[in-house]
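Student: For reference, the chains in residue letters:
Number of protein chains: 2
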Amino acid sequence: MSATPIRTEAPATDPSSAPHPFDEAIRLEALADGRFRGATHAGFWNQVGPFGGITAAVMLNSVMLRPERLGDPLSLTVNFAGPVREGGFSVEPRLLRSNRSSQHWAIELVQGPQRELAASALLVSAVRRDTFALTEATPPPAPPAAECARTRHRSNVTWLDRYDMRYLRGRPLHENEDSVTHLWVADLPERPLDFASLAAICDVFFPRLYLRRPKFVPIGTVSLNVYFHQPAATLARNGARHLLASAQGRVASAGFFDQEGQIWSDARELLATTHQIVWFRE
Amino acid sequence: MSATPIRTEAPATDPSSAPHPFDEAIRLEALADGRFRGATHAGFWNQVGPFGGITAAVMLNSVMLRPERLGDPLSLTVNFAGPVREGGFSVEPRLLRSNRSSQHWAIELVQGPQRELAASALLVSAVRRDTFALTEATPPPAPPAAECARTRHRSNVTWLDRYDMRYLRGRPLHENEDSVTHLWVADLPERPLDFASLAAICDVFFPRLYLRRPKFVPIGTVSLNVYFHQPAATLARNGARHLLASAQGRVASAGFFDQEGQIWSDARELLATTHQIVWFRE
Numbered sequence: 001m002s003a004t005p006i007r008t009e010a011p012a013t014d015p016s017s018a019p020h021p022f023d024e025a026i027r028l029e030a031l032a033d034g035r036f037r038g039a040t041h042a043g044f045w046n047q048v049g050p051f052g053g054i055t056a057a058v059m060l061n062s063v064m065l066r067p068e069r070l071g072d073p074l075s076l077t078v079n080f081a082g083p084v085r086e087g088g089f090s091v092e093p094r095l096l097r098s099n100r101s102s103q104h105w106a107i108e109l110v111q112g113p114q115r116e117l118a119a120s121a122l123l124v125s126a127v128r129r130d131t132f133a134l135t136e137a138t139p140p141p142a143p144p145a146a147e148c149a150r151t152r153h154r155s156n157v158t159w160l161d162r163y164d165m166r167y168l169r170g171r172p173l174h175e176n177e178d179s180v181t182h183l184w185v186a187d188l189p190e191r192p193l194d195f196a197s198l199a200a201i202c203d204v205f206f207p208r209l210y211l212r213r214p215k216f217v218p219i220g221t222v223s224l225n226v227y228f229h230q231p232a233a234t235l236a237r238n239g240a241r242h243l244l245a246s247a248q249g250r251v252a253s254a255g256f257f258d259q260e261g262q263i264w265s266d267a268r269e270l271l272a273t274t275h276q277i278v279w280f281r282e
Numbered sequence: 001m002s003a004t005p006i007r008t009e010a011p012a013t014d015p016s017s018a019p020h021p022f023d024e025a026i027r028l029e030a031l032a033d034g035r036f037r038g039a040t041h042a043g044f045w046n047q048v049g050p051f052g053g054i055t056a057a058v059m060l061n062s063v064m065l066r067p068e069r070l071g072d073p074l075s076l077t078v079n080f081a082g083p084v085r086e087g088g089f090s091v092e093p094r095l096l097r098s099n100r101s102s103q104h105w106a107i108e109l110v111q112g113p114q115r116e117l118a119a120s121a122l123l124v125s126a127v128r129r130d131t132f133a134l135t136e137a138t139p140p141p142a143p144p145a146a147e148c149a150r151t152r153h154r155s156n157v158t159w160l161d162r163y164d165m166r167y168l169r170g171r172p173l174h175e176n177e178d179s180v181t182h183l184w185v186a187d188l189p190e191r192p193l194d195f196a197s198l199a200a201i202c203d204v205f206f207p208r209l210y211l212r213r214p215k216f217v218p219i220g221t222v223s224l225n226v227y228f229h230q231p232a233a234t235l236a237r238n239g240a241r242h243l244l245a246s247a248q249g250r251v252a253s254a255g256f257f258d259q260e261g262q263i264w265s266d267a268r269e270l271l272a273t274t275h276q277i278v279w280f281r282e
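Top to bottom, those sequences are chains A and B.
Quick note on our numbering: the first sequence kicks off at 1 and runs consecutively.
Quick note on our numbering: the second sequence kicks off at 1 and runs consecutively.
Hints should not be assumed to be uniformly reliable.
Any copy, or any two copies together, can satisfy a pair, since identical chains are not distinguished.
Within a straight-line C-alpha distance of at most 25 Å, the following computed SDA-like cross-link-like pairs (lysine to any residue) qualify [stated by the list, open to error]:
| # | residue 1 | residue 2 |
| --- | --- | --- |
| 1 | K215 | R115 |
| 2 | K215 | L95 |
| 3 | K215 | H182 |
| 4 | K215 | N156 |
| 5 | K215 | T131 |
| 6 | K215 | Q248 |
| 7 | K215 | E136 |
| 8 | K215 | R171 |
| 9 | K215 | E260 |
| 10 | K215 | T151 |
| 11 | K215 | R129 |
These are calculated hints, taken from the structure and not from any lab test.
Let the sequences and hints guide you as you build the complete structure.
Tutor: Printed below as a string of structure tokens:
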């Protein structure tokens, strides 16, 4: 036997068998009464709470996990009532009404012994049909994602490391002429697109105010709205390829500013339109 | 006495003392437990139920009437779960969370002994503050409302008679090159603007699909979203003057189409941005 310390190799693991951080973050444990237990994830932390997009994804996921859920998500509104604190939470989807081909859900995310409400949401799911289709919006001009460089950031918030973002237009904390932003975005590491990850990606944009003023101020999304325009099969077809995203603010006034955004597939299908209204400190 | 039948004059009434049809339609009677009783109004009828805008206004009004309500409406999402039937209904606002300067509300509109849900809503109210302000959107080009002719309609739905609409761009049931619509709009008879009437006006646009196809098909708004960008004083300043409204659809796909809209004051302040997603039958 040699006196040399033996350097044990870590057991060879298949990286594909390790859970993806996004799946870890939206993981929910079903409780007896249709509610779910989840927990915040250190990898999706923002300044004073989780990335809003991951909270939206967790709330959407609770409906996806309910066995009586009908069709695909069509419309999602998440109102952020207060910061989600680090640790466990309860996600409580309630089926308000079920029609022949659509359902109306309300979802609450509560924490602590006082059951403090952190976020409330409304979701409509619907069976999508093959119909007349027309896209009036146009995707932003962009070279293929593979030809664009990943944008590096100098922030200590962890959620930014969960996305490969390749900014094409819009420089934050500068006085741009307008707030228009274009970027390629994908989960990091790569992950096939689904409704939960698409909902989260609707919230990846820099705050619109930062595109018009070179001044950092605290901000917080109050309400996030997402309309899903394609069935699950179209999302699956995109796989893990980058999405082309654009956003613009229309107005800042009396303590709040807005944002409108569009999320396009790699094949230039309009997957989602999204809107939010955001509080800011002067 | 003469045998000639006496033609009695109707008693002279002050027209300003008669309730405005909009106020009649959103009138709510407070019940003991924070709920309200209201009823549909024949003057705001659409094809198979009330005009969606008046339902949104009634739900917003229920929060305005709650004594603990804080600040002005900031964000309103109304999900239409099924047709509102003619007759009475119960509007049930629930305060989910009250913060220092904002509140989160959920509202349900239910009907009948089975308490069937017709619409559910989320509303955020907030105390508005004087802050940095910037409007990046631009109002549509338009001559003064007084120089534009009122658009006559040939429809038997009654709610269209509750608005003075002066269309400037966008001809319904024609194959327009795009779905962009511009119009002047005001309550008829005239009525000073408030949050309830502004919410209703967010839903006055022709369905976007009708701007791209010369084909009438049944449609129904599934979810309506409104962001209010100005405090009550700005709305009051507009008084009964016409509002300048614009709308555009981005996409129709798999049984649903969307709409984005902006509502500007006569003085060209952006009062509200609005979004909806609408079901259509092929």
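Student: Evaluate each hint against the coordinates.
Tutor: A quick look at each hint next to the structure:
1. Taking the shortest alpha-carbon separations for K215 and R115, neither the intra-copy value of 36 Å nor the inter-copy value of 51 Å comes in at or below 25 Å.
2. Taking identical chains as interchangeable, the C-alpha atoms of K215 and L95 are never at most 25 Å apart, the minima being 43 Å within one chain and 35 Å between chains.
3. Taking CA atoms no more than 25 Å apart as the test, K215 paired with H182 passes inside one copy only; the shortest distance there is 21 Å, against 36 Å between copies.
4. Within a single copy, K215 and N156 get their C-alpha atoms as close as 18 Å, which meets the 25 Å cut-off; across copies the closest is 54 Å, which misses it.
5. For the homomeric pair K215 and T131, the shortest alpha-carbon distance between copies (14 Å) is at most 25 Å, but the shortest distance inside one copy (47 Å) is not.
6. Within a single copy, K215 and Q248 get their C-alpha atoms as close as 18 Å, which meets the 25 Å cut-off; across copies the closest is 33 Å, which misses it.
7. In the homo-oligomer, the alpha carbons of K215 and E136 lie at most 25 Å apart only across protomers (18 Å), although the nearest pairing inside one protomer, at 35 Å, exceeds that limit.
8. Taking CA atoms no more than 25 Å apart as the test, K215 paired with R171 passes inside one copy only; the shortest distance there is 13 Å, against 44 Å between copies.
9. Taking the shortest Cα distances, K215 and E260 sit within 25 Å of each other inside one copy (21 Å), while across copies they are farther apart (30 Å).
10. Taking the shortest Cα distances, K215 and T151 sit within 25 Å of each other inside one copy (20 Å), while across copies they are farther apart (47 Å).
11. For a Cα distance limit of 25 Å, the shortest separation of K215 from R129 across copies, 19 Å, qualifies, whereas the shortest one inside one copy, 47 Å, does not.
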